[in-house]
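Protein sequence lines, in the order shown, are assigned to chains S and L. Following my numbering, the numbering of the first sequence begins with 400 at its first residue and continues without gaps. Following my numbering, the numbering of the second sequence begins with 15 at its first residue and continues without gaps.
Derived lysine-lysine pairs resembling DSBU-like cross-links, with alpha carbons at most 35 Å apart:
#: 1; chain 1: L; residue 1: Lys50; chain 2: L; residue 2: Lys242
#: 2; chain 1: S; residue 1: Lys612; chain 2: L; residue 2: Lys208
#: 3; chain 1: L; residue 1: Lys242; chain 2: L; residue 2: Lys47
#: 4; chain 1: L; residue 1: Lys208; chain 2: L; residue 2: Lys233
#: 5; chain 1: L; residue 1: Lys233; chain 2: L; residue 2: Lys135
#: 6; chain 1: L; residue 1: Lys278; chain 2: S; residue 2: Lys741
#: 7; chain 1: S; residue 1: Lys686; chain 2: L; residue 2: Lys278
#: 8; chain 1: L; residue 1: Lys299; chain 2: S; residue 2: Lys741
#: 9; chain 1: L; residue 1: Lys68; chain 2: S; residue 2: Lys473
#: 10; chain 1: L; residue 1: Lys264; chain 2: S; residue 2: Lys582
#: 11; chain 1: S; residue 1: Lys473; chain 2: L; residue 2: Lys208
#: 12; chain 1: S; residue 1: Lys560; chain 2: S; residue 2: Lys705
#: 13; chain 1: S; residue 1: Lys705; chain 2: L; residue 2: Lys278
#: 14; chain 1: S; residue 1: Lys473; chain 2: L; residue 2: Lys210
#: 15; chain 1: S; residue 1: Lys427; chain 2: S; residue 2: Lys705
#: 16; chain 1: L; residue 1: Lys278; chain 2: S; residue 2: Lys647
#: 17; chain 1: S; residue 1: Lys589; chain 2: S; residue 2: Lys455
Hints were generated in silico from the structure; no laboratory data involved. Just so it is clear, the structure is predicted and the values come from calculations on it, not from any experiment.
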Amino acid sequence: MAGEVLVVAEQVDSQVANVTLELLGEGKKLARKLGSPLSCFVIGHNMEAAVDAVIKAGAEKVYLADHSELAEYKTLHYRRVILDELSSWATPPHTLLMGSTTTGRDLAPRIAAFFETGLTADTIELDIGPYEHTSGIDQTKIGYFPECLYASRPSFGESLKARILGPWKDPQMATIRPGVFAKPEMLTEKPEGVEIKKVVINFQPSDYRITIKETLREIEGKIDITAADVIVAGGYGLGSADGVNLLKDLAACFENSVVGASRKIVDLGWMTYPYQVGQTGKTVRPKIYIACGISGALQHRVGMQKSELIIAINRDPDAPIFSFADQGIVGDVYHVIPEMIKQLQEKNTSKLAELKVK
Amino acid sequence: MNKDLDIYVLIKQVPDTRSKAGVNPDGTIDRAKAGKMLNPFDAFALQGGLNAKKMGGPNSRLFAVTMGPPPAIDILYQALEHGADATCILSDRRLAASDTLATAYALCRTLEYLFKKNGKKADLIFCGLQTTDGDTAQVGPEISERLDFTQVTYCEDFSISDNLLHAKKIIEGGTQLVSAELPALVTIANSYTKLKFKSLRGAQFVQDVKRASKEELAKYVEIIDLDKCEADEMRCGLNGSPTIVSKTWKIGVVGGNCKMHQGKAASELVSEVFKDAVMLKEFVKI
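Produce the entire structure from the sequences given, and follow the hints as far as they go.
The structure is reproduced here in structure tokens:
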């Protein structure tokens, strides 16, 4: 029988991260296909409520490492409890999933390297299916594998999606960005009989080589572009960092709005990472997405294609963004956006007048 | 005064996506035709290495290392221009189709070869956060696991004292100050200091190196293969990769239902869109 589907939970202040719940929802589908249990590895301190949450999200077995040293994420301590526990299993997990967060991207590769197993980053689709390996210099790899983890992600610079798999070694690992999968419906009652296994914690002196001096979380004024109704996003077509002000002006015309950015302009330093939309940034589903000077490469598209209404402005009529936008304007953002602001303000005045009449 | 530090920067050459060269009409990239550049993230790592060298003792050394086909030597010259003391490229056909695990293995063998040659293990290894052509951010942490180094990912700033790296790093929803014992592997975020312009002296130096004898050149740009760094070929390239791409499919045209507005004055285009996009009204601020 295939091994378990294991989700490594992420927590902040003993609270389970949304991405963990999303992965449990998706992991359940994989576990049913494999006929394996869905399990969750919970690491932290004072994790009772977190354990409840992962069970209500669908975990059928919980591995719990609860220790004051684990209250905050630390690479080497977290690595230790996971590797010690998994190394003691007769059958490794079939699938191991983690969020593609700053934490997951720090920890998952270390686990993959330790077990010398494959790890697919920033996956956008997961499934279980067969694979037949027929050729190759390495004869030991040839064979038919009925139950592989399919992890799909956009392939570089191409409008291609690639299915990546590696059935030769378990656990088959993948990281997934927050927001890619929907949160599962949470059970109102905790089901009976879910096994909670307290794992053995045995830190080594070398685990203390990294120490946390201070943690600064911006609770207030934290930028969360995933909660906005309207996103005005800019790309390389803005031409320069000055274009960002134009985006802000347009966004200011809408309620609950925010500016967003393509990967390219974040790399260029015109905007900062929390605003980045796309495969390696945030996945957003606003009511309205206005893409200004964004070509619409697949890496961007996967982060915003579920927006309800997409309006695209681009000088190039052949830009890929026009293949999936709802409304397309072929033109210069520096002409179109000021015109939009002007007309929205006119609308505004007429709306005010309407209100006054009422 | 800090001790002398041996610092390694891992860099990669990636297709240049800033230009239209090599971009096919259907949006796919012809890797052979596309221009090449230093992975933009690695420019920050290189600056991190240069800054770290200044923090170390007077005999600190900075080495730039890459893996790739011979033309990737270009980025090693670039590293020399900016102030690297020596560079090394691992180039071998048997490395083709390496995934991140196989890449990390091959780079580890290269690093261990260099540690031996340079008579000392690294104190610090700098990597870019990720590459623009793979986007995985995995190779750095996979190397630190293999070498049993401490690691700081998403590093925005750092200093060094008493065998400790003090770093500011990005975490979910904020930042964190951490101290990590050396040897450490650091991945540098792109919010770190931009790579400074190369010096005239650096540029002149590289011109001289390029014209020098083979022996002289090899002191600064060493080319090695799998045999030289004693790497097991079964753990490299396609053989050593636990993952493969089993299938790709095009997902270019999605609905194709986009209503296009073009060839008119901006004011007309905008009013057309606003007429169609009725939903907009709900969100206009009053």
